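Q: The lines below spell out each chain.
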Amino acid sequence: MAERVVENLNQALHALLADDPGLTLLGEDVVDPYGGAFKVTRGLSTRWPDRVRSTPLSEGGIVGVAGGLALAGQSAIVEIMFSDFVALAFDQILNFASKSTAMYGRRVPIRLVVRCPTGGNRGYGPTHSQSPQKHFVGIPGLSLHEVSPFHDNRTVLAGMLATGRPGLLFEDKVLYTTRMYADGVVDELFRYDLIGPDADVARIWVDDPGQADCVLVVPGGLAARAVSVARELLLRDDIVCQVLVPSRLWPVDADTLLPPIARAGRVVVAEESTAGGTWGAELAHVVHQRLWGALRAPVRLVHSADSVIPTAAHLERTVLVQDADIHRAVKEVVSGD
Amino acid sequence: MAERVVENLNQALHALLADDPGLTLLGEDVVDPYGGAFKVTRGLSTRWPDRVRSTPLSEGGIVGVAGGLALAGQSAIVEIMFSDFVALAFDQILNFASKSTAMYGRRVPIRLVVRCPTGGNRGYGPTHSQSPQKHFVGIPGLSLHEVSPFHDNRTVLAGMLATGRPGLLFEDKVLYTTRMYADGVVDELFRYDLIGPDADVARIWVDDPGQADCVLVVPGGLAARAVSVARELLLRDDIVCQVLVPSRLWPVDADTLLPPIARAGRVVVAEESTAGGTWGAELAHVVHQRLWGALRAPVRLVHSADSVIPTAAHLERTVLVQDADIHRAVKEVVSGD
Amino acid sequence: MTATRTEAPPTAPTRLADVDLDLLLLIRHFELSLLDMFGRGELHGTTHTCLGQEYVPVALRPLLTDGDFVFSNHRGHGHYLARFDDPHGLLAEVMGREGAVCHGVGGSQHILRDRYLSTGVQGESAPVAAGVALHLKRAEPGRLALVYLGDGTWGEGAVYEALNMAALWGLPLLLVVENNGIAQSTPTTAQLAGSIGGRARAFGVDHLRVTSTDTAVVRSALGPVLRRVRERCTPYVVELLTHRVGPHSKGDDNRRPDELAYAKAHDWYARYAEAYPEQFTAHDERQRAYVAQVVREVTGRPASRWAEADRG
Amino acid sequence: MTATRTEAPPTAPTRLADVDLDLLLLIRHFELSLLDMFGRGELHGTTHTCLGQEYVPVALRPLLTDGDFVFSNHRGHGHYLARFDDPHGLLAEVMGREGAVCHGVGGSQHILRDRYLSTGVQGESAPVAAGVALHLKRAEPGRLALVYLGDGTWGEGAVYEALNMAALWGLPLLLVVENNGIAQSTPTTAQLAGSIGGRARAFGVDHLRVTSTDTAVVRSALGPVLRRVRERCTPYVVELLTHRVGPHSKGDDNRRPDELAYAKAHDWYARYAEAYPEQFTAHDERQRAYVAQVVREVTGRPASRWAEADRG
Ligand SMILES: Cc1ncc(C[n+]2csc(CCOP(=O)(O)OP(=O)(O)O)c2C)c(N)n1
Ligand SMILES: Cc1ncc(C[n+]2csc(CCOP(=O)(O)OP(=O)(O)O)c2C)c(N)n1
Ligand SMILES: [Mg+2]
Ligand SMILES: [Mg+2]
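Chains as they are written, first to last, in the numbering used here: chain A, 1 to 337; chain B, 338 to 674; chain C, 675 to 986; chain D, 987 to 1298.
A portion of the hints provided could be inaccurate.
Heads up, simulated BS3-like pairs for lysine-lysine below, C-alpha to C-alpha not over 30 Å straight-line [said to hold, decoys possible]:
| id | chain 1 | residue 1 | chain 2 | residue 2 |
| --- | --- | --- | --- | --- |
| 1 | C | Lys938 | A | Lys39 |
| 2 | C | Lys924 | A | Lys39 |
| 3 | D | Lys1236 | D | Lys1250 |
| 4 | B | Lys668 | D | Lys1250 |
| 5 | D | Lys1236 | B | Lys376 |
| 6 | C | Lys924 | C | Lys938 |
Short, incomplete list of chain B residues facing chain D, as computed with Cβ under 7 Å [unchecked claim]:
| id | residue |
| --- | --- |
| 7 | Ser395 |
| 8 | Gly462 |
| 9 | His651 |
Simulated from the structure, these hints should not be mistaken for laboratory data. Here the structure is a predicted model, which means the values were calculated and not measured. Every residue gets a Cβ at the ideal spot worked out from N, C-alpha and C, and that includes glycine.
My request is simple: use the sequences and hints to build the entire structure.
A: Dropping the structure here:
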């Protein structure tokens, strides 16, 4: 059986630290034996005690320190224990790391990745369950990625650092304990491949990758949920749904995402975030601009309710995006025209 | 001649402090004789020395203190000297003030306004010129407003505090020294009125408010620029453009904005922000969803270039939205179908 | 100015009034039950117990009035139970059952009731409490805002922004630092340079360190501090050297055996049991049984409801 | 540990080497010219001059090597000119003309050249510099990261987060505090509780306060500090009690006449002129003329260009 996402991430970090002696990893409680709140950093500090450091509780300061390492020509990865706390590092990300790549009148490489354990469904409550991607969409110089069960994290992280631009990597907490997909196989019905010039977009299809009634685009955190919805749609509703999961959310890789959407003429974008200024709305705008005329229906977005995320599981479910919400959206889009 | 926007704001604050003995105003250098970096708070501390306080440089802390006053049942207004620094208060806004309205299982009023002098065109450079509205779009519990030359700030501020939800008020710095419009008159060609259930949207029209080739929606900071573009379009290109300027950006007042857009079938939304996750993209999404079929072209967005904002005036111009960009967008949308 | 109350553990702890002992034991058994329930998979999410630190809010209880604001943190069950005689409401909140203080929306970490508030972002409450203290100073003199915070939370810049304003403006803000020598997995020595006393003094704020874990001793050390905060309208930092006997949250404790033994050796529970076996055993039994009954009762309740009108 | 060098203004300032005097005067006339140009509407945007504070970077100049990182702030022209003999590049940057250090993109507040960086958000550079210092400690021992910051900037929490990590990790981070008694319009007493010395010590960081405005005295006080930071790989806070003789930025100065007079009375410029009239007059004339020529030259240049490839 394929490795779990948390193992893939952990191995990716091992490999990156081994490959690049200039890479430092910082975060709260990341050293052994604890190895991070979600155990992503296990074993790293034992091998590289000087380059893997537990820090005080200082999210802004840690990202600043990492920015300094990057400014000095090194690479840095920061773990924010819960992505909700990246709010405390907003200034360092917006006004230092991202701006420094350009505001001195020339390109300055800033090799910095901020890892953000993200999302709900674990009963951690309103300040430990958010999906803050949208707050960072469209910051010049900053890229956004999301972990998925289709994308090898060593490739993703190495690619992010290689751009010389800072980036955030969102990691849906529910994903950690699930398994990576491997060898192009999702299950007995669905196959996947990685498409686009950087093999950045995972495409999950049944039978024929060139044919679908609807395209469902989701970030990595919703990938498994999207696949299970696609399966149900196929089996219960006879709707062929192709799922696209980009690793890089921003900048949007429109050239790779648009052709399948154009072919189907119908698209649903689902995110766990609340609505308003989201990555999905931005993608919708690109689709409307560029595929006007080819679309059979407006882009349909699926979000969590406009609400704080309650702690109790039975309440959390009433707020966060459920499979049924995505299912319904696809059905409506497909039957709507 | 009508008063300047800065005077209107200043008078609004005088009135609010006079009306509400529970209102405190906090910010860096807000007391007399300095009266704030942009002089918006002039005279306030002389009248209310205990309720108008200059603070240390502590943007996060100040918004926290204001949140505490609000939690204790009072009202608070914070001035952030340059809106770029509101990044330092992101956690207090996202995770305390906004969440506290709902995360305790019941409504908790938080009467808090954070005033943010915003935008470029003054040569202050990359960390003093941004338009950070988009980072706050879609935070449950938070509302976003923008100062315009059409909306009386006493009404706006009093309305924001009355909702019992925290809000940000963006104030385009270029607007401060320009004049308010009054009495429904823009110039010898254009008239305006305030429409919608809260009279929240300023509608600027020529001849007939029910008729336009295109609707141009802008936040207050671009209002004067939009009006001058509309004028030029009319005189040079014979295009009738109606301008809509909502005071409240978020939540979007769709019921008021959509009918005129539906009538024209063509809409341009212009913002000074860079593209990506903006208010405009969100508005576009609402329009595409709700007016699909009534639109003659996809919603056209106009943004500043995907770039830091350079300091030198001749470079700043190459990056920030110019009248010509808006003009071109409207012409293209109108001639495109 | 820092003063230290360095009572070395006396041969015997002070004998407590029943009401104090009951409260200590109520908190102890409440926390133990939570860990049990987590272990049995009956609880969802996370929680942080205050095992070993129960005496802090118990010592403070009679020193506070209903008019004071209390800002708790992630490790707040003891703080809550010392303020409200309401284990049912708290357990229902943690379990998401009917009668939950916050309808199950906040859970263990996010509670608001009257003038008591906790939230999950470390350090964020310090400036908020300063704002509340500013209001109290102006509108309700003699009242104070108390913030509980851990040693690790002194890593956050927000704490210093709050201290600075509180000192400049003379605010009745009391920071109660539960210095348990660790933050999640990181020892204080690895996350806090200098000292908490130094950090208070740096802002011209008085500081008292208390090493005793004896409820009565702690209370008598803190009495004058709270009086001073009220009367002089001035911030104050109280630092309690305390001992986290349990894991950080559910089962995450990687401390070495000697470190765990050190914490255990300072646990008031065993020492009190030994000193006053008779009083202890009776009350311990009673509170254990009471908590067991609370658990049974609350477990039997239906899920909490969150009305549309309460959704903010 | 805080030490204070409280040289009361000696009857005569130390006679300086020509190179130091020239640099002081270059900065002075550079700043005066900027204010002039703003007054005449020839400059756009904003700027913050270091009038009265020129001696700080001049004193530090020979104590720094090219391998050290310097983080400047909004009031950074003197810092830049003491590091690079380049008034043309700086003026071109402020004016947006050809030859600008950062092509006119950064302007007065945002400059990067080699190991020199300034930016416009107060306090933000402190953790960044700590990160650089971490790199230097590991890869280039003996080098340091210096951060200039004002007294007002000690309001920002970022400063404490940086100090804490620098102290915990033993980083060669030197904070040079130009305490000019004011932040924009707010006197230090209204924005800074306690003391900067106390704040350094609170984190176990040594602190030196220097009250002299005499370049030579300041330099000899700072020499051992920088040696110590390099040799022991340890953070240090140096606080210079200094005097802002000009406005905060262009013309915004609401200080009372006595406050202005006090600042002026501490201005090294007049005192040096009086003590060494002959040396002073010749060099003053020369630098004034030099800056005038720089202004003429740069004013004559075309606008800066920002190539597509340089846009990040
Ligand atoms: C801003 C922020 N960063 C990180 C966390 C995660 N976290 C929760 S408790 C904790 C350790 C706190 O240590 P301390 O302040 O000493 O309190 P203790 O747990 O020891 O009572 C951490 C890192 C958080 N809740 N908030
Ligand atoms: C985070 C942040 N807040 C506010 C400002 C606006 N501002 C620029 S300089 C300044 C005063 C700084 O005072 P101080 O640190 O004492 O430096 P000085 O100007 O006296 O040299 C302020 C408030 C800023 N640039 N950054
Ligand atoms: Mg602790
Ligand atoms: Mg100053």
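Q: Taking the hints in turn, state whether each one holds.
A: These are the hints, each one checked on the structure:
no.: 1; hint: Lys938(C) / Lys39(A); in the structure: holds (27 Å)
no.: 2; hint: Lys924(C) / Lys39(A); in the structure: holds (15 Å)
no.: 3; hint: Lys1236(D) / Lys1250(D); in the structure: holds (18 Å)
no.: 4; hint: Lys668(B) / Lys1250(D); in the structure: violated (59 Å)
no.: 5; hint: Lys1236(D) / Lys376(B); in the structure: holds (15 Å)
no.: 6; hint: Lys924(C) / Lys938(C); in the structure: holds (18 Å)
no.: 7; hint: Ser395; in the structure: holds (4 Å)
no.: 8; hint: Gly462; in the structure: holds (4 Å)
no.: 9; hint: His651; in the structure: holds (5 Å)
Taken one by one, the earlier hints fail for this structure only at number 4.
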